[in-house]
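K.L.:
First to last, the protein sequences are chains A and B.
Reminder that position 122 of the first sequence reads as 217 in my numbering, one-by-one numbering, no gaps.
Reminder that position 81 of the second sequence reads as 86 in my numbering, one-by-one numbering, no gaps.
A portion of the hints provided could be inaccurate.
Once the Cα atoms are required to be at most 20 angstroms apart in a straight line, the calculated SDA-like pairs of lysine to any residue come out as [said to hold, decoys possible]:
id	chain 1	residue 1	chain 2	residue 2
1	B	142	B	178
2	B	142	B	15
3	B	142	B	21
4	B	142	A	153
5	B	142	A	187
6	B	142	A	152
7	B	142	B	153
8	B	142	B	114
9	B	142	B	20
10	B	142	A	189
11	B	142	B	179
12	B	142	B	106
13	B	142	B	177
14	B	142	B	101
15	B	142	A	190
By construction, these hints were calculated from the structure, which means they are not laboratory data.
Just so it is clear, the structure is predicted and the values come from calculations on it, not from any experiment.
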Amino acid sequence: VTEGLDYSQRFWEDVRDGEQLPAVVDDITYRRVIMNTAATWDYFPGHHDPEYARSQGQPTIYLNTIHLMGFVDRVVTGWAGGRAFVVRRRVSVRRSVYAGDRMVGEGVVTARRREQDRGLVRHLVDVDVVVRNQHGEVCCPASVTVELPARSPGRAP
Amino acid sequence: MTDDPTGYALPVGSYEDARAMVGHRADVRFGHVDVNEAMVRAFCALVRDPNPSYWDRDYARAHWGGLPAPPAMLMTWVMPMEWQPGGPAPTPLLTARVPLPGDTIVNISNDTEYLRPVLEGDRLSVTEELTDVSAQKQTSLGRGHFVTTATTYRRQDGEVVARMTNVLFRFTAREASS
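Chain A with its partners taken away, still in its complex shape (with noise of 0.2 angstroms):
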């Protein structure tokens, strides 16, 4: 067990229809945008160069789609803990996130299911999370599935 770190984990039986998740705050910095590039291998200049950005029309440098996937998952998986399994996400980038901005990251259950998958039973949750700015305007609308631990994890549909 590291220090630090939360261990705690939601099972599928826990999730209710219609819960909202924890909303999740980051403020990107210039620093975290150039990270974004290093870090994600992703050079292009609209991540890293404010001119090239202000060519394309954008006000100054922006995330990359990584970061704005990474910043989803971390959004659903925060509150799902640990040993949730992304099996499936849909971003939309509506709005570039700049740096300077604040993101906010919030969720909703939509569903709860079980699905039949080569003779097992896989516990899934759908999660809609929407990424803001600190204008209250839609950056990054999603969809995600994540598979969840059960405590029955035998039982049939």
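Place chain B on chain A using the hints.
P.N.:
Structure of chain B alone, referenced to chain A:
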């Protein structure tokens, strides 16, 4: 490519040129590095993801059978390297090889299905297919085309780990109004 500001060398062509390329499958592209702890930790520090799967090796081994890669990192594991000694120039992603009028790109949407976890030591490869190019559309950024690609990610043993559909906007930026 020193005069190419994007580093992506976007080829210029017509909408008809792009349409003719729909259905084209690119040669398989291999990642240059194995999935590794250093890059996993750097990404988690970037996103500030405290998921114990990425920070506690005993926990990761117990639940995943090894250190898992954050699912969002998929594209990173197969990014071309910026430089390598003596080798050929990095192969641009298929989306950056579609002939169209626009001189720049921005990503629009992504839909990824994950079949199994990617673990430390895995080496990924991708096959990309151009599946659609839209007619010209006007957006707040400018005028251009939506380019859709379908990508399959495989592990070194050939197992498919993920399938991705991505849409990007290839456009000419609107003249600055101010």
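K.L.:
Are the hints correct? Go through all of them and say.
P.N.:
Results for each hint:
1. 142/B - 178/B: Holds, at about 13 angstroms.
2. 142/B - 15/B: Measuring from Cα to Cα gives roughly 19 angstroms; hence the hint holds.
3. 142/B - 21/B: Holds, because 15 angstroms separates the two Cα atoms, which is no more than 20 angstroms.
4. 142/B - 153/A: Holds, at about 18 angstroms.
5. 142/B - 187/A: 17 angstroms, holds
6. 142/B - 152/A: Answer holds: residue 142/B to residue 152/A is near 16 angstroms, not above 20 angstroms.
7. 142/B - 153/B: 14 angstroms, holds
8. 142/B - 114/B: Holds: residue 142/B and residue 114/B sit about 16 angstroms apart, inside 20 angstroms.
9. 142/B - 20/B: Holds. Residue 142/B to residue 20/B sits at ~12 angstroms (cutoff 20 angstroms).
10. 142/B - 189/A: Since the Cα atoms of residue 142/B and residue 189/A sit roughly 15 angstroms apart, the hinted pair holds (cutoff 20 angstroms).
11. 142/B - 179/B: 13 angstroms, holds
12. 142/B - 106/B: Holds, because 12 angstroms separates the two Cα atoms, which is no more than 20 angstroms.
13. 142/B - 177/B: 11 angstroms, holds
14. 142/B - 101/B: Holds, at roughly 19 angstroms.
15. 142/B - 190/A: 17 angstroms, holds
When the structure is compared with the earlier hints, no violation turns up for any of them.
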